[in-house]
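So the sequence lines, in the order shown, correspond to chains A and B. FYI, the numbering for the first sequence is 1 to 245, going by this note's numbering. FYI, the numbering for the second sequence is 246 to 986, going by this note's numbering.
Keep in mind that the hints are not guaranteed to be accurate.
[Claimed, not checked] Derived, one-sided and incomplete: chain B residues facing chain A with beta-carbon distance under 10 Å:
1) Pro263
2) His404
3) Asn407
4) Val490
5) Phe494
6) Lys497
7) Glu501
8) Lys664
9) Trp666
10) Trp668
11) Gln670
12) Asp672
13) Met674
14) Thr679
[Unchecked claim] Rough simulated footprint, nothing fancy, chain B against chain A, three-plus residues with beta-carbon under 8 Å:
15) 26-32
16) 114-122
17) 125-136
18) 167-180
19) 221-235
These are computed hints drawn from the structure, not numbers from a lab. The structure displayed is predicted, hence computed values, not measured ones. We treat Cβ as the ideally placed atom computed from N, Cα and C, and that holds for glycine.
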Amino acid sequence: MVQVTTGSSFMKVAIIQFPGSNCDTDCQAALASLPGIQAEIVWHKETSLAGYAAVVLPGGFSYGDYLRCGSIARFSPIMRAVRAVAESGVLVLGICNGFQILCEAGLLPGTLMRNNGLLFRCEHLHLRVENNDSPFTSVLHQGQVLDIPIAHGEGNYFADAETLKQLNMNNQILVRYCDASGNVSPEANPNGSLENIAGICSHGRNVFGLMPHPERVCDPLLGGTDGRSIFQSMIEAVAKLNVKS
Amino acid sequence: MSNRAITPELIAKHGLSPEEYDKVLSILGREPSFEELGVFSVMWSEHCSYKNSRPELRKFPTTGPSVLVKAGEENAGVIDIGDGWAVAFKIESHNHPSAVEPFQGAATGVGGIIRDIFTMGARPVFLMDSLRFGPIEGDGEQAKTNRRLFAGVVAGIAHYGNCIGLPTIAGEVYFDESYSGNPLVNAFCLGILRHEQIARGAAEGVGNPVFYVGAETGRDGLAGAAFASRELTEESKADRPAVQVGDPFREKLLLEACLELLATDCVAGIQDMGAAGLTCSTCETASRGGTGVEIDVQLVPQRAKGQTPYEVLLSESQERMLVIVKKGQEATVKQIFEKWNLPYAEIGKVTDDGMMRVRNGNEIVVNVPARALADDCPLYSREAASFTPPAQLDLATVPQIDPETALPKLLSHPSIASKRWVWRQYDHMVRTGTAVLPGSDAAVFIVREANKILAAATDCNAIYCKLDPGVGARIAVAECARNLACSGAVPIGVTDNLNFGNPHKPENFYQLRAAVEGISEGCRAFGVPVTGGNVSLYNESPAGAIDPTPTISMVGTIADAAHITTQYFKQAGDQIFLIGETGSELGGSHYLLALHGRKEGAPPTMDFAQEKAIHAALLSVIRKGLVQSAHDCSEGGLAVTIAESCFFNSLAASIDLGSTNQRPDVLLFNETQGRIVISVKSSNVSTLEAELSKSGVPFRKMGEVTAKADLLIKTGANAYRWRIADLNEIFEGAIPSLMGG
């Protein structure tokens with residue numbers, strides 16, 4: 001079999017496994033289905049992420065979500081390395097519980113509260129791409145509607161007014177919940193998130209957290225392939241970096 | 246040993262009959278200690294010993310070329326699925342705990358069944374649930390209680406399954422008066438493993454150390470197995486301490502640690518601590534290994550200080566395992582437990598004297614022959630009442646209701662209405678294998694690591710079972726098989742959960758016996774073994790016994806992803822066929838219950854030969870790529886089946902049932918078995934007709950899928966019309982509106 005690689009090398013992605021992570025192998029399988037990626041599980045007690053072009057914090061219930069979602073995981077030994085590589089510009093993607101951990105760790109602003117309906121919600125829904133000027137959305141176009149499922153009890157995004165203003169001003173809101181036609185409406189908001197926010201990136205644009213699960217829609221047999229575009233964007237971004245360097 | 250006096254009152258309080266106590270005396274040759282009395286009490290409860298049901302359960306077919314581990318041998322049966330892969334699956338009840346504490350009761354039910362699966366060395370891959378509650382409509386106190394139980398149970402299942410990361414992909418929920426005060430919560434788990442990975446629950450190798458790993462032992466769930474083997478009464482609320490508290494995070498760690506451990510060569514035997522906790526796991530492993538086990542309760546990790554040996558032995562604290570380690574491998578084992586931050590301790594060793602011996606430091610508190618304790622419980626063949634099959638329903642006594650009124654009412658009945666409110670709370674997509682989401686006839690799951698496609702369904706129409714338990718059980722098996730066939734699957738095995746009332750009442754015992762015989766007959770007809778299951782008796786509230794509910798869960802395999810079929814119509818213009826014939830019975834139907842308030846008559850009959858021929862014919866046309874959708878007719882009959890097929894893709898249908906002398910309500914809402922509604926591309930109609938004719942099963946063209954606003958059904962001169970959007974809203978909205986959103 002011909003091994004397809006992007007840029008000058010094979011892209012190595014670290015998937016952090018916290019105690020209680022449960023989408024780690026799902027992310028690994030989704031990434032492995034794309035050409036040019038080698039996805040490895042990295043135990044949370046490790047302290048280095050050297051050699052990885054990107055890092056994924058997968059979904060799950062790290063530390064049982066005890067105390068508060070993500071609040072204990074942020075003290076795991078690996079998080080020092082995650083912070084260091086994030087500051088050096090490496091791509092960091094947090095999905096669901098991974099998003100919650102990134103917020104708790106201060107790598108992304110804001111917080112995720114209990115769903116306003118108080119119940120866990122698992123379902124397919126739609127996201128509107130708000131901005132494609134990021135390493136996570138570059139293969140998409142602005143306004144594009146994606147079908148990516150959610151599965152969470154605490155995905156109600158909140159930030160203070162000033163933070164929200166900054167997020168909007170800096171185009172850090174990458175995806176919002178919308179209906180099938182792309183209307184960002186209160187009816188399309190599954191959890192009470194401010195301004196239907198489903199995912200935001202850091203000011204430096206290399207850290208992205210979202211509540212929906214792109215890894216669950218990377219196979220037509222499992223109801224869609226819209227999730228691939230996020231990973232595809234990451235591959236292209238890393239390839240460009242490699243070409244430059 | 247403890248010197249607490251063993252009085253007749255104390256013996257009675259432990260649920261042992263005088264006859265059973267005499268047997269204890271003859272096994273021991275002396276009076277038992279207080280701890281030993283407790284140990285016999287839980288091990289000889291119905292929940293652990295199956296003393297009232299075992300003679301009946303022997304009637305199940307349990308063997309077959311694909312059976313790798315038989316029912317009753319281990320924690321769960323194991324079935325070969327080819328290429329060196331196997332599945333371990335089982336269903337288990339947590340009815341009584343859920344009645345007094347729905348959230349924790351249901352959560353720990355899920356936790357318990359997951360442990361049964363990974364104890365076998367299998368990686369759990371999905372869950373299902375079969376639930377029963379009293380009616381949830383109205384403002385009465387009972388309805389409020391039923392809603393609280395329903396909400397609590399669903400939240401408990403969601404809490405545990407979601408956190409541990411297993412998708413709950415299918416199930417069933419029914420509401421009926423007989424479950425008021427005694428809900429049923431049956432949880433199913435399936436795991437996957439390589440043949441060589443099958444782990445055994447036997448204490449092998451004299452001198453091998455016995456390790457305890459997992460949560461610390463506390464006072465929760467004290468003697469839960471004995472509690473589960475009593476009727477529920479007003480005082481049952483005082484049994485709340487008998488309900489365990491679950492910690493899915495701990496179980497996730499335990500699961501990963503055990504699978505990592507089993508992949509090494511360090512384990513001689515492994516057994517989870519479920520019902521009867523430490524007691525059951527030590528005496529069962531010793532009994533299976535033909536050895537003895539000696540442990541010291543003082544070495545057991547404990548949550549609270551000052552627990553007595555009696556409490557430690559009988560606690561049903563969750564998320565605990567007993568591991569028999571090969572001598573010399575202790576260091577590897579400890580390293581794995583430490584990696585996963587799990588409390589553990591070496592608490593004893595395997596001996597050669599066949600005794601279950603428990604020390605409290607230097608004092609011996611239990612010294613019982615392990616095999617006698619595990620296997621020698623007296624078995625009872627209870628008296629079964631004689632049974633007269635119910636008379637056919639006299640249609641003249643059933644006033645006709647306009648189908649245009651009746652169909653929306655049926656679709657809004659909570660037992661038929663959409664269960665989205667339930668499964669939206671379950672993560673049904675984690676582990677990225679769910680190919681058919683909840684809501685269709687059977688769930689379909691792709692097991693990535695094994696490259697296998699599995700289908701699973703769970704069914705039981707307890708109305709039929711109430712009216713005629715044998716027929717009801719036969720239908721439950723057939724309906725499961727039909728659901729699998731509709732998804733493109735061939736059945737490979739069955740696990741059953743027998744939920745009945747107090748077996749001392751002859752009427753209840755007849756129900757149990759007839760159901761077991763009906764299930765056995767069904768399994769033989771479809772050539773599938775029963776791989777294990779669970780018996781839950783004493784399901785009675787002050788108002789009486791539940792309707793007999795022998796829940797069937799069936800697992801199947803799908804050869805090719807192209808065969809995966811759902812119940813939903815796919816595109817306008819497709820032609821709709823009915824495979825099977827519609828009879829004239831209304832007995833036991835949901836139409837009779839929901840529209841006329843009557844639970845009576847004879848249920849539909851079950852002709853296994855015809856049923857099997859229909860499944861084979863359907864599978865054959867599915868495999869030839871001719872079928873767009875397939876949906877079986879069950880509760881609510883033909884009209885409900887057609888409406889449900891329309892919903893998912895917002896299509897409608899135009900149906901003509903031709904001229905008939907049947908009453909329209911009978912034609913549209915009766916529940917004749919062995920019927921499947923399929924849709925087919927127009928271009929494939931003649932090929933399909935030729936294929937079905939060749940197979941000799943009855944079929945007829947009924948109409949076509951449309952993109953219109955109305956569902957239209959004609960029978961002779963009558964035409965009935967419903968706006969499909971209205972029906973969909975009624976179907977989807979019924980449960981959320983009752984449960985407040």
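Verification of the hints:
The beta carbon of B/Pro263 comes no nearer than 47 Å to any beta carbon in chain A, farther than 10 Å, and the hint placing it at the interface is violated. At its closest, the beta carbon of B/His404 sits 8 Å from a beta carbon of chain A; the interface hint therefore holds under the 10 Å criterion. Nearest Cβ of chain A to the Cβ of B/Asn407: about 6 Å, under the 10 Å cut. The hint holds. Taking 10 Å as the C-beta contact cut-off toward chain A, the hint placing B/Val490 at the interface is violated, the least distance being around 13 Å.
Given hint, B/Phe494 at the interface with chain A, holds; its Cβ is 3 Å from that chain's nearest Cβ, closer than 10 Å. The interface hint given for B/Lys497 holds, since its Cβ lies 6 Å from the closest Cβ of chain A, which is under the 10 Å cut-off. Checking B/Glu501 against chain A: minimum C-beta separation of about 8 Å stays under 10 Å; hint holds. Interface hint status for B/Lys664: violated, as the beta-carbon distance to the closest one in chain A is roughly 13 Å, over 10 Å.
With 10 Å as the threshold, the beta carbon of B/Trp666 comes within range of chain A, its nearest partner Cβ sitting at about 9 Å, so the hint holds. For B/Trp668, the shortest C-beta to C-beta distance to chain A is roughly 8 Å, which falls under 10 Å, so the interface hint holds. Restraint check, B/Gln670 versus chain A: the minimum CB separation of about 5 Å is within 10 Å; hint holds. Checking B/Asp672 against chain A: minimum C-beta separation of about 4 Å stays under 10 Å; hint holds.
This hint holds: B/Met674 has a C-beta 5 Å from the nearest C-beta of chain A, less than the 10 Å allowed. Among the interface hints, the one on B/Thr679 holds; its C-beta lies about 7 Å from the nearest C-beta in chain A, closer than the 10 Å criterion. With 3 residues carrying a beta carbon less than 8 Å from a beta carbon of chain B, the stretch 26-32 of chain A meets the three-residue requirement, and the given coverage holds. With a threshold of 8 Å between beta carbons, the proposed coverage of the stretch 114-122 of chain A by chain B holds, since 5 of its residues qualify and at least three are required.
Interface restraint, the stretch 125-136 of chain A with chain B: violated (0 residues with C-beta to C-beta distance below 8 Å; minimum three). Counting residues of the stretch 167-180 of chain A whose C-beta sits closer than 8 Å to any C-beta of chain B gives 0, which falls short of three, so the coverage hint is violated. Closer than 8 Å: that is the beta-carbon criterion, and the stretch 221-235 of chain A has 3 residues meeting it against chain B, so the requirement of 3 holds.
Consistency note: the structure conflicts with the earlier hints numbered 1, 4, 8, 17 and 18.
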